[in-house]
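Participant: Sequence lines, in order, name chains P and H. In this text, residue positions in the first sequence follow our numbering: the first is 2, and each later residue adds one. In this text, residue positions in the second sequence follow our numbering: the first is 12, and each later residue adds one.
By construction, these hints were calculated from the structure, which means they are not laboratory data. Here a beta-carbon is modelled for each residue, glycine too, at the ideal position from N, C-alpha and C. A hint or two may mislead.
Restricting the straight-line Cα-Cα distance to at most 27 Å, the calculated cross-link-like pairs of lysine-lysine (DSSO-like) are [to be verified]: (1) Lys276/H <-> Lys123/P; (2) Lys329/P <-> Lys276/H; (3) Lys256/H <-> Lys278/P; (4) Lys290/P <-> Lys343/H; (5) Lys122/P <-> Lys59/P.
To spell it out: a stretch of chain H is covered by chain P in this simulated footprint if at least three of its residues, at any positions, have a beta carbon under 8 Å from a beta carbon of chain P; those stretches are [said to hold, decoys possible]: (6) 67-76; (7) 253-266; (8) 457-467.
Pair by pair, the computed Cβ-Cβ distance ranges are [as the list claims (entries may be wrong)]: (9) Thr223/P <-> Ile119/H: 23 to 29 Å; (10) Val268/H <-> Leu110/P: 43 to 49 Å; (11) Ser310/H <-> Ala288/P: 36 to 42 Å; (12) Pro209/P <-> Ile304/H: 46 to 52 Å.
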Amino acid sequence: MVLQSLKNCYWLSCVLRTPKACFWSTASGGLIIQSVSNDVYQNLAVEDWIHDHMDLEKQQVLFLWRNSPAVVIGRHQNPWQECNLRLLRQKNIKLARRRSGGGTVYHDLGNINLTFFTTRKKYERMENLKLVVKALKALRPQLDVHVTDRYDILLGRQYKISGTAAKLGRTSAYHHCTLLCNADKFVLSSVLKSPYKGLKSNATPSVPASVKNLFEEDPSLTSEMLLDAIAREYATQHQIDHHITLINPADETLLPGISNKTKELQTWEWVYGKTPKFSVSTCLKMAYKDSVLDVKVNMDVKHGRIEVCNIDLPEQWLPPGLYSELVKSLTGSKFCPNETTTLVTTLLRVCPQDDELYSRWSSLCENMIRLM
Amino acid sequence: VCIHRVRSCSSIRFIKSKYVCVFDRSALKFSHQQRLFRTSAVSCGQIVQFKLSDIGEGITEVTVKEWYIKEGDSVSQFDSICEVQSDKASVTITSRYDGVIRKLHYSIDDIAFVGKPLVDIEIDASKGVASEDVVETPPMSHEEHTHQEIKGHKTLATPAVRRLAMENNIKLSEVVGTGKDNRILKEDILNYLAKQTGAILPPSPKAEIVPPLRKTEAVPAAPKDKARKIPVPVSRPIAFSGKDKTEPVTGFQKAMVKTMSAALKIPHFGYCDEIDLTQLVQLREELKPVAEIRGVKLSFMPFFIKAASLGLLQYPILNASLDENCQNVTYKASHNIGVAMDTEQGLIVPNVKNVEVCSVFDIAVELNRLQSLGSAGQLGTSDLTGGTFTLSNVGTIGGTYTKPMILPPEVAIGALGKIQVLPRFNGKGEVFKAQIMNVSWSADHRIIDGATMARFSNLWKSYLENPASMLLDLK
Numbered sequence: 002m003v004l005q006s007l008k009n010c011y012w013l014s015c016v017l018r019t020p021k022a023c024f025w026s027t028a029s030g031g032l033i034i035q036s037v038s039n040d041v042y043q044n045l046a047v048e049d050w051i052h053d054h055m056d057l058e059k060q061q062v063l064f065l066w067r068n069s070p071a072v073v074i075g076r077h078q079n080p081w082q083e084c085n086l087r088l089l090r091q092k093n094i095k096l097a098r099r100r101s102g103g104g105t106v107y108h109d110l111g112n113i114n115l116t117f118f119t120t121r122k123k124y125e126r127m128e129n130l131k132l133v134v135k136a137l138k139a140l141r142p143q144l145d146v147h148v149t150d151r152y153d154i155l156l157g158r159q160y161k162i163s164g165t166a167a168k169l170g171r172t173s174a175y176h177h178c179t180l181l182c183n184a185d186k187f188v189l190s191s192v193l194k195s196p197y198k199g200l201k202s203n204a205t206p207s208v209p210a211s212v213k214n215l216f217e218e219d220p221s222l223t224s225e226m227l228l229d230a231i232a233r234e235y236a237t238q239h240q241i242d243h244h245i246t247l248i249n250p251a252d253e254t255l256l257p258g259i260s261n262k263t264k265e266l267q268t269w270e271w272v273y274g275k276t277p278k279f280s281v282s283t284c285l286k287m288a289y290k291d292s293v294l295d296v297k298v299n300m301d302v303k304h305g306r307i308e309v310c311n312i313d314l315p316e317q318w319l320p321p322g323l324y325s326e327l328v329k330s331l332t333g334s335k336f337c338p339n340e341t342t343t344l345v346t347t348l349l350r351v352c353p354q355d356d357e358l359y360s361r362w363s364s365l366c367e368n369m370i371r372l373m
Numbered sequence: 012v013c014i015h016r017v018r019s020c021s022s023i024r025f026i027k028s029k030y031v032c033v034f035d036r037s038a039l040k041f042s043h044q045q046r047l048f049r050t051s052a053v054s055c056g057q058i059v060q061f062k063l064s065d066i067g068e069g070i071t072e073v074t075v076k077e078w079y080i081k082e083g084d085s086v087s088q089f090d091s092i093c094e095v096q097s098d099k100a101s102v103t104i105t106s107r108y109d110g111v112i113r114k115l116h117y118s119i120d121d122i123a124f125v126g127k128p129l130v131d132i133e134i135d136a137s138k139g140v141a142s143e144d145v146v147e148t149p150p151m152s153h154e155e156h157t158h159q160e161i162k163g164h165k166t167l168a169t170p171a172v173r174r175l176a177m178e179n180n181i182k183l184s185e186v187v188g189t190g191k192d193n194r195i196l197k198e199d200i201l202n203y204l205a206k207q208t209g210a211i212l213p214p215s216p217k218a219e220i221v222p223p224l225r226k227t228e229a230v231p232a233a234p235k236d237k238a239r240k241i242p243v244p245v246s247r248p249i250a251f252s253g254k255d256k257t258e259p260v261t262g263f264q265k266a267m268v269k270t271m272s273a274a275l276k277i278p279h280f281g282y283c284d285e286i287d288l289t290q291l292v293q294l295r296e297e298l299k300p301v302a303e304i305r306g307v308k309l310s311f312m313p314f315f316i317k318a319a320s321l322g323l324l325q326y327p328i329l330n331a332s333l334d335e336n337c338q339n340v341t342y343k344a345s346h347n348i349g350v351a352m353d354t355e356q357g358l359i360v361p362n363v364k365n366v367e368v369c370s371v372f373d374i375a376v377e378l379n380r381l382q383s384l385g386s387a388g389q390l391g392t393s394d395l396t397g398g399t400f401t402l403s404n405v406g407t408i409g410g411t412y413t414k415p416m417i418l419p420p421e422v423a424i425g426a427l428g429k430i431q432v433l434p435r436f437n438g439k440g441e442v443f444k445a446q447i448m449n450v451s452w453s454a455d456h457r458i459i460d461g462a463t464m465a466r467f468s469n470l471w472k473s474y475l476e477n478p479a480s481m482l483l484d485l486k
């Protein structure tokens, strides 16, 4: 594997510093770059940056990246519908929303990501995927891999090893895909299963598929080998040197404005607030003393915030003033367990100190928070 | 350079074309060749149907997922109009024209067709005008069009940004744009300026306040007191066009509004004192590595909390609660001592349960747990309820004396200032280096009197000034 050292980054920096300028006088048709970071937000920010600032007319770009454990949802998806947010928080797995469409994927270091940057006119997903398949077959001729018309790559006609998504702008476009080398399938399947019931939305749903790692088919394969093979094939097809330039997504001089992009991708407003409008309609089974109460809850959530909230409690179960305070507090607040917890515990401070009330309130609030 | 600012009132904001109507293509792109002037309040903008352009790959339909504009909004060429999705591809549709959006042909989740109208735009011969001011600029030379062309590439910038560049004699071609499509943003101009002058620029030219020159000094001296580290304010890009921003109060702020409004009903009185922590500082230094071996970070708080609990055993009224009608006082058996925490989202006060039966180490463990949950935003309801007494260590950020607000339904709170090294006299009348911390107590004067608070504070202080004395009373 031929990896250029970071010294070449300097060369690249001289060249990338003049955005939109034609920086390769030798006019080679392509550039292969690899991120030194495993932070999903930083890497997504690099994609944004290249999409916004690089002139892809004379030169296309292949970007190679891997992330530490993260769940990445598509631009128009609903994270509550797509994954187990509770589990993500417990396991400290990051949640990111990318700018391209498509479904939800799980990333870890056993998964490689490939982004093909072209001008809008040269946007062609099939070509890219065929390139990947060709690279895989060159590496291991016996691999039974092929591209479906849904732009998935299947192994053995059955198992999905790659999913695709794309983003098109005014003048440039990118197509990115995953490739499962040696990801943790157990974690994958558990985090991508949503426990939240009663959600109704028009968000793009994911299409679940059986997955398999290439490593399972051939244990001699590693992520590095696959990255190298794909880079090699890309270099051949674009008639460029097979060398990979490393870039550091934290380098503000190389990529001016990148830290703002990285920050934006991490904001709550982007990750959760961009969820298309949805409603939650469910029935809480509240265990209280010796009985179980059925409590119907209806909420409308827009921009990640509770627009409307209705909780169908038995009459006088809570002092009416407190119930209306609860609804008033929740309305306009984020559909978020942390914020809800803060609000409901605060409300408890200002109501009569009564053990009975306290336990009813706790029971109701715990159940409400579980919905988020 | 002669710039006229013409006020346009908001009600006729849409009617921007109070000027000679020019509709040929070149005018759309290089509109500043024309002067703007008002004629009459009659719209003569042409409405153009902006059709959804080809997406590629033979796609004929897409789903509209998000609108970035609404009817009545002004748009500039290349502004994002909407986001559509087709088969895993998300496409940003940008405007081809400057103008005002007159009609959206689709709602969210509708299917839109390639080649069919997406929005109707009333073409605006002026360029991206701000809602309040209509800026007139003199006809520009061929080199400096609205969309400057450098080396065959266009430079995009809004009129406000161009004005800023012009005011500061900056060539747009020398500025790196970090906005979409390489657009030059206000921040880019400011960064460029900062790099040039090597400093953060003042927001507006103000008369500089020069300190009065003394006869003995030729030049006013810079503050020499660098011994105290002055917190450096975080530099933020200076907003030139300051606009008031109104947001609803939600979340953590809403919680604070509720709590503090309730706290206001409590008649507070304050009691402050200073504590000599010299011995405690030394003790903590000795114990820190022991705690680290056990995997726990040991701060001063566990000591403060335990000492408070020991004090509450002697003065249980400080760990009580007054009912709504002030008829009954409930003496709480558990010492659930709250610790104010500053998180990214705001103020949160989890509490350590049953401090009366915890060792200092137990408290440290629990604090570690609460702190990591707090910063991750994962505190549970049980962590945040049931508090009976609160300590706030604002000293980690700074400050000496404060006036803390009691958190209902509690009746007392203590706020701790920062630990400073100060000169004090010892028993022999000699000056020595003392580690001094200030404490500010607030208590509910309906059931707590000054004497009780003072005695509690003295007891708490004695435990901390002489930590060995805690051993005598530890349960």
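Participant: Please go over all the hints and tell whether each is borne out by the structure.
Facilitator: Going through the hints against the structure:
Between the alpha carbons of Lys276/H and Lys123/P the distance comes to roughly 68 Å, so the proposed pair goes past 27 Å and is violated. For the suggested pair Lys329/P and Lys276/H, the alpha carbons sit about 22 Å apart, so the restraint of at most 27 Å is met. For the proposed pair Lys256/H and Lys278/P, the alpha carbon gap of about 25 Å is at most 27 Å, so the pair holds. Straight-line distance between C-alpha atoms of Lys290/P and Lys343/H comes to about 24 Å, which keeps the hinted pair within the 27 Å bound.
Our distance criterion of 27 Å between C-alpha atoms is met by Lys122/P and Lys59/P, whose separation comes to about 12 Å. Using a Cβ-Cβ cut-off of 8 Å, 3 residues of the segment 67-76 of chain H lie near chain P, which meets the minimum of three, so the contact claim holds. For the segment 253-266 of chain H, the proposed coverage by chain P is satisfied: 6 residues have a C-beta within less than 8 Å of a C-beta in that chain, meeting the threshold of three. Only residues whose beta carbon comes within less than 8 Å of a beta carbon in chain P count, and the segment 457-467 of chain H has 0; fewer than three means the coverage is violated.
The hinted range of 23 to 29 Å is not satisfied by Thr223/P and Ile119/H, whose Cβ atoms lie roughly 44 Å apart. The given range of 43 to 49 Å is respected by Val268/H and Leu110/P, whose C-beta atoms sit roughly 45 Å from each other. At about 39 Å, the beta-carbon gap between Ser310/H and Ala288/P stays in the expected band of 36 to 42 Å. Between Pro209/P and Ile304/H the beta carbon distance is about 47 Å. The supplied range of 46 to 52 Å therefore holds.
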